[in-house]
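Work out the full structure: start from the sequences and follow the hints.
The chain contents come next:
Number of protein chains: 2
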Amino acid sequence: MRIAQVAPLYEAVPPKLYGGTERVVAHLCDALTELGHEVTLFATADARTEARLVPVRDQAMRLDREPLKSDLAAHLAMLYDVRRRCSQFDVVHFHVDMLHFPMFEQHAHKCLTTLHGRLDMKDLASVYARWSNFGLVSISNAQRAPLPRANWLDTVSHGVPAALYPFNAYPSGGGYLAFLGRISPEKRPDVAIRVALRAAIPLKIAAKVDAVDVVYFDTVIRPLLDHPLIDYIGEIGDERKSEFLAHARALLFPIDWPEPFGLVMIEAMACGTPVIAWKRGSVPEVVEQGISGFIVNSDDEALAAIARLPNVERWRVRAAFERRFTATVMAHGYLEVYTRLLERRRPHEPYESRA
Amino acid sequence: MRIAQVAPLYEAVPPKLYGGTERVVAHLCDALTELGHEVTLFATADARTEARLVPVRDQAMRLDREPLKSDLAAHLAMLYDVRRRCSQFDVVHFHVDMLHFPMFEQHAHKCLTTLHGRLDMKDLASVYARWSNFGLVSISNAQRAPLPRANWLDTVSHGVPAALYPFNAYPSGGGYLAFLGRISPEKRPDVAIRVALRAAIPLKIAAKVDAVDVVYFDTVIRPLLDHPLIDYIGEIGDERKSEFLAHARALLFPIDWPEPFGLVMIEAMACGTPVIAWKRGSVPEVVEQGISGFIVNSDDEALAAIARLPNVERWRVRAAFERRFTATVMAHGYLEVYTRLLERRRPHEPYESRA
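So the protein sequences, as listed, match chains X and Z.
Note that the first sequence covers residues 59 to 413 in the working numbering.
Note that the second sequence covers residues 59 to 413 in the working numbering.
Some chain X residues well away from chain Z (every beta-carbon gap over 10 angstroms; in silico): (1) 215; (2) 300; (3) 367.
Below, computed lysine-lysine pairings styled on DSBU-like, alpha-carbon distance capped at 30 angstroms: (4) X:337 / X:262; (5) X:74 / Z:127; (6) Z:180 / X:266; (7) X:74 / Z:180; (8) Z:266 / X:127; (9) Z:180 / X:127; (10) Z:127 / X:266; (11) X:74 / X:266; (12) X:337 / Z:127; (13) X:180 / Z:74; (14) Z:266 / Z:180; (15) X:337 / X:266; (16) X:74 / X:262; (17) Z:74 / Z:262; (18) Z:337 / X:127; (19) X:180 / Z:127; (20) Z:266 / X:180; (21) X:127 / X:266; (22) X:180 / X:127; (23) Z:266 / X:266.
Read the hints as simulated data drawn from the structure, not as lab findings.
Glycine included, each C-beta is placed from N, C-alpha and C at the ideal position.
Set out below in structure tokens:
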């Protein structure tokens, strides 16, 4: 199949540091290519991919030191070029939310759009109602809740390459708790710190701080870091991430927002590291209670889960990952949707009925 | 003429507090309507206009307390509805940068786009090159510098209604210096404070602080406010603005960026208040040296200008405003471009050659 993947331009594909969507696109491109498909990736020139790369900007936007730049202009220019080559592809798979709808109205039948973000936002429904002929994929069933009548074709879980995060049966380093991601109110690093202190277990925090979260970091989080059990190590890249996750006793994922997927959960699971995640958004669809981790509702439940960690077998965490969350599983999920698009039959049954 | 005006959705038309673009759109709608044209305004429902309003969102986005909202979705939904009614208009005049290009490719011949922002940004050229059939209007000649080859049809200066800012021949209140706008590094409120202190003249600062500028305000500006000559009064609405400007001895406009227009300069001039402006961007096109104010390059030149203020006759400042910067003058400028669009002859001579 001749497949175009259209990535956002904020981070490299895959990202050099933090970044979810571009990482998933990278994994999908490589997995589809390995399955023998002809994949073309539209992305910034710093991408590393098995697919054929069409570079549309010299570098990813977030780490571009040029202060004066336009996200919108960069994406519109890319989409213009994608459209010019549209006839070369059987399927064009977009990861840029809704921005391509106006430009691909004549090609909607061969377009697929994965929505990567939260959808409980004012103004979104008006767009998905107007361009309802574009088929959508959700990354969890929970993600769909605010837009139940959108043109959903399927849910396809994220996946990461089975070899990227090697399984680690025996974590060394004293078995700390890990927090990985972004310092922001909805990720609740404060809860992670509180729980770790109550459990009297070291917590390592690897996280970036966006400009918008500097005040939150300085006023709420920084004062909590001054404790011997708490170790803030800043933003880390891929090369350190797998070690960081593999040697943790568990990943704490104390989210306080409708997380659409939560890639870090399956990255931890790939290492055999169980996940203690608060029950919001996708969490019940990703974590298998007592097998790959624990789904909790409160600090107390999290502490109880920590106490039960010795009962979790790390190879079973890895097995849960391999069954549902490898990049190859994800690629097969998308190939099924692509095939349906090509056959022009697009049943609207909910995901559950197909299981 | 049947004219559609398509406003950004960030502020009300006109804005309740700070905001340039939506204010200009408001003035343009009213002036065109008064000249007998059939004007339809696409904007948020809180607009106040002489035109026929098509409300496309319940309220403007910036002051909407809903934290989860999508600028992009709101604008795309509006543009979809504009396009559906496109055949009802002779001209569709956009004030939303480039976002409408993909959706109006079939209608470019009847579209006009005023660019309201700075254009010295990476990524912009790639968009204006791809959609070069859309005719553009600049708000100063200086604004064009980074994109000299874009499809410029004309420069039309902003205008404000002659009656909105009443002329004030004799300012009371001791004749303070005024700073009005936004607290941000490129607006240089610190320079305004420094100059006022050296001149030993009171300075009143009426300005909003955006979230992105809170750190700058707290660390750089707030420490400078604790002086009896400096009076920070926060963000003010229209009803106070005219009094604020009218009673000033001069407006200080110490910008340190390529200002595309600088609406506040002509608002001050309308009151008869001279403008002391730093020579960047549009300033030499707006301020007439020694007549409506002074164009300066340094603190010392600003102090010299302050010393010369008694030589400036306020009625001549007002006259300079009335000659070039009323809303009616602006409306005539745009009508000329609309007419050219309708006649399908679009000469590309630079603005200067038409003067």
